[in-house]
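Chemist: Chains A and B, in that order, are what the protein sequence lines are. Take 1 as the starting number for the first sequence in my numbering and just add one per residue. Take 1001 as the starting number for the second sequence in my numbering and just add one per residue.
If you're looking for bench data, these hints aren't it; they were derived computationally from the structure. Possibly wrong hints are sitting among the right ones.
[Stated by the list, open to error] Calculated lysine to aspartate or glutamate pairs in the DMTMM-like style (CA-CA distance at most 20 Å, straight line):
id: 1; chain 1: A; residue 1: K140; chain 2: B; residue 2: E1078
id: 2; chain 1: A; residue 1: K140; chain 2: B; residue 2: E1212
id: 3; chain 1: B; residue 1: K1043; chain 2: B; residue 2: E1113
id: 4; chain 1: B; residue 1: K1175; chain 2: B; residue 2: D1252
id: 5; chain 1: A; residue 1: K140; chain 2: B; residue 2: D1252
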Amino acid sequence: MTILIFLLLAALTVGCAIAMVAQRNPLYSAIALIGVFLGMAGIYVTLAAPFIAAIQVIVYAGAIMVLVVFVIMLLNVEEEVRRPIRLRYLIPLGVFLAALLFAETAFIIYFIETSAYNPPPATQSNVGLTASVGTGLFTKYLLPFEITSLLILMAIVGAITLARRVPALEVGGRRMQAATTESEKPSAAD
Amino acid sequence: MNIYFGLQTATQQFADVNLWLLMPELIVASAGVLVMLVDAFTKRLDQRWLTGGISLIGLVAAAVSCVWLWTSWTGPTEAFFGMIVLDRLRLSFTLVFLVVSALSVLLSMIWVEWERLPAGEFHALLLFATAGMMLMASGGDLVMIFLGLELLSISTYVMAGFRRTDVRSNEASMKYFILGSFSSAFLLYGTALVYGATAMANGTPGTTNIREIAQRLDTALYPPLLFAGAAMLLIGFGFKVATAPFHVWTPDVYEGAPTPVTAFMAAGPKAAGFASFMRVFLFGFPFVVAAGTAQRLHSAWIAVLVVLAVITMTVGNTAAILQSNVKRMLAYSSIAHAGYVLVGLVAAGAASDLGQRNEAIAAVVFYLLVYSIMTLGAFAVVTILARSGDRRTEIEDYNGIGFDSPWLAFAFSVSLLSLLGVPLTAGFMGKVMVFSAALDQGYVGLVVVAVLNTVVSAYYYLRLIVVMFFRERSGAWNAPLVPASMAIALALTVVGIFYLGIFPGRVIEVFQASPSVISRLLGT
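Please work from the sequences and hints to get the whole structure.
Modeler: Here it is as structure tokens:
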């Protein structure tokens, strides 16, 4: 029974992932990505990690995907134009190397490392429960939690620096003007 | 599940907070916040001196607290449940980062004005990046190392794209961002696999603490997971320090980013990447005598690193010969130097004796200190000669400038000779230390390849010196004015190169010796 549910969810996840990459319309890709997130959330539930499953749905499938769809709408992205691929000869090479990597991994797993894996049943574990995540955040993972806030502060500063209007830097846009005229100057000038 | 309700939290200490151990990082991060606030409340005219000054004061204060931790700290050496550790690796790397950051502030002070960029944001981002580098060295847990890396990487992406009106700068930022996120994903996936592999049969979940990982290697439930995780961590770090198969981003990003940012990127993040690289692989997957998973893992990553070192040195040096742009050439030279550092890392990893391992670690830290100083010196000269907008970075632009601005040409030549590793310069001592550490472990072939590569590198380093002094100048050229902050930075790098080249003993002793010896050396 468990294996059946896992196979169903895994098929959903992998299928949606392939669809996401293969789609040419960005909006369809975004919707396929939601399918990936939902499939993953289902797998987390079967592994007895309800909190992580809920977060997966709320944050990823909910908040982040809404943001992605908004960006797609705002940028008004059209369907991707099919362009002739440069470096066409590299495609068979890429396929060959990927197959080689898979074969290598399978060889190592099945022939070199034959030790059996007997994991403890997932229901015994504390990982992924709301209580254990909360306890972790305020005890063991207190410092990483605080560092994350520093990370977000820095990301905000960086995003605003890169995105704000240039003329706002200086009175009446003099700087912007000066910067462009200077870069247009021929380099032999000095 | 039951242990989490009540009992355990009552008996254990709540969060193991020890802010003293976190002092250098706290000072640098607070200085970053302070810089932003000061920048918001002052007039634009004098902001670069103000924010640059605050940054320098913050960095010096962090260095003082670092020395204080080193000399007179007698308390616990771990805090926050092993998230932060205090050892020689951390403190010596922290000092290297502070030197890099202080020199970068000096380099960029006048440059932000030339380019009409917001100085406050630039210095704040630089300080946050420094805090990230320090966390990468001090983190005793893969989670901490990843967060430090992200803090460093994201601020570096922004700094690379800081000259927004320049297409090359945008391209560099975008390339660095996409490939950098890709490599961060490798690192994170590796962390997840190692966490899964270190779960125990009695139901204890896995661990990301590096010391605990080392203890659980032999009881790993499913060794292939551990090997795959270690391989992904290796790829992630290999990307950050630009080793050969993962180096493709380096020349484009270094060429396109504004030169002072390139200087910082070539020195700081590389050293920080090596700090975490060593922390994870030397302490997490260490040398063991007894045959088993741990022993096989150790010999596997050593073998991979030997191959990577050979490829990195060879690719870096041969590609550098073909370049016509000085920044690209220095980028390939930085790849080659990552290869030399890998030689030291292999030596440290292979050492079975604890004393020899510490000597090799000290050699690597010394090499990175030396490398940072000489690279920053070289890029400082490139910044001055390139003028605003990075217009003059081709090797032809350096034709015959040697006798017109002798001091600049002298400083550049000293940096280049040191990068080459000429005796009496710091680069020579660094190479001697790293190579002799590798020879102690019996890697004769590797050292021979490294020395041959050094010979190859002579071609492109000496070519620039020849171009500067013995070529006729093409076109009109007037010697650039060297502003005071740049002059200070250049003087510091030249003095540093000669000091570390002629009297390296004291610094090496400081990096090697135990804290008690340091306190005697410094007379405290």
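Chemist: Next step is simple, just say for each hint if it's right about the structure.
Modeler: Structure-based check of all given hints:
For the hint pairing K140(A) with E1078(B), the CA-to-CA distance comes to about 13 Å; that is within 20 Å, so the pair holds. For a cut-off of 20 Å, the pair hint linking K140(A) to E1212(B) stands: about 14 Å separates their Cα positions. Of the supplied pair hints, the one linking K1043(B) and E1113(B) holds, its CA atoms being roughly 14 Å apart against a limit of 20 Å. For the hint linking K1175(B) to D1252(B), the alpha-carbon distance of about 8 Å falls within 20 Å, and the restraint holds.
Distance check on the hinted pair: K140(A) and D1252(B) sit about 41 Å apart at the alpha-carbon level, beyond 20 Å; violated.
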